[in-house]
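Student: Sequence:
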Amino acid sequence: MTTALITGATAGIGAAFANRLARDGRDLVLVARDTARLQQAADELGSRYGVQVEILAADLSTDTGIGAVEDRLRDDTRPVDLLINNAGFANRGAYLDVPVQDELDMLKVHIEAVLRTTTAAVPGMRERGFGGIVNLASVAAFVPRGTYGATKAWVVNFTLGIARDLAGSGVRLQALCPGFTRTEFHERAGMGTSSIPSWGWLTADRVVDDSLRDLARNRPLCVPGKRYKAAVTAARLLPVGGLGKLSTTAGRDYRKG
5 MTTALITGAT AGIGAAFANR LARDGRDLVL VARDTARLQQ AADELGSRYG VQVEILAADL
65 STDTGIGAVE DRLRDDTRPV DLLINNAGFA NRGAYLDVPV QDELDMLKVH IEAVLRTTTA
125 AVPGMRERGF GGIVNLASVA AFVPRGTYGA TKAWVVNFTL GIARDLAGSG VRLQALCPGF
185 TRTEFHERAG MGTSSIPSWG WLTADRVVDD SLRDLARNRP LCVPGKRYKA AVTAARLLPV
245 GGLGKLSTTA GRDYRKG
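Here the sequence shown is numbered in my numbering, starting from 5 and rising by one per residue.
Not one of these hints is a red herring.
Okay, the calculated beta carbon distance ranges per label pair:
| hint | residue 1 | residue 2 | range |
| --- | --- | --- | --- |
| 1 | ASP169 | THR66 | 27 to 37 Å |
| 2 | ARG217 | ARG168 | 18 to 28 Å |
| 3 | LEU100 | GLY50 | 40 to 50 Å |
| 4 | ARG210 | THR237 | 18 to 28 Å |
| 5 | ASP169 | GLU48 | 32 to 42 Å |
| 6 | ARG223 | THR66 | 28 to 38 Å |
| 7 | PRO103 | SER51 | 37 to 47 Å |
| 8 | LYS233 | ASP169 | 23 to 33 Å |
| 9 | GLU131 | ASP101 | 42 to 52 Å |
These are computed hints drawn from the structure, not numbers from a lab.
Note that the Cβ used here is the ideal one computed from N, Cα and C, for glycine as well.
Let's have the full structure, built from the sequences with the hints guiding it.
Tutor: This is the structure we're talking about:
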């Protein structure tokens, strides 16, 4: 029996990872801020699939929260073989409309937490000769998208670089880059979604299925969906400003919708 630790595990893509991995027979460590939601998820998954589910309430925008996850990942008596760095959020508003502290919190969650938890997990995995880390990025990593896109670009480049460094060690890394996915993400950010066509949406289950399939194939970059694969290819070929207007407006209607 192997154990997976998932951050941002109570909703959206994180919850979909938890459900799929529990169904596959993995024990879980669920990490999020809301203790009540964590316990509810743990009870449901443990009852449904007969796996052991541990909860860890932690706010990854704080040093204390990141430190708690680091400590759990370094506990060799209860090894974690799969780390899913899923926690993340978007800020409501364009540049200069968002308070600097909110932007700094995003850097903490999307960059510092990913760096520190990956660094905490890798040594044990490498020593055991087996393990996997999925760092959630976004197709926004490949187009101009303000602070959010910049953080996700860092996740992609960091993950691909570490994957290269660890080649042959038995530790697999993946930057997971979904497009628009039906979760609580946009609602929590106060963003309307009326500008996004129906064909532009992925399901969280689809994202998870593609991620785990590509991880098993040792593919360090996963972009779920043919349309988004094509979009990322185009973004890499076009000049930086080529997709600027589309990137700036798509999914950024700061009204409920």
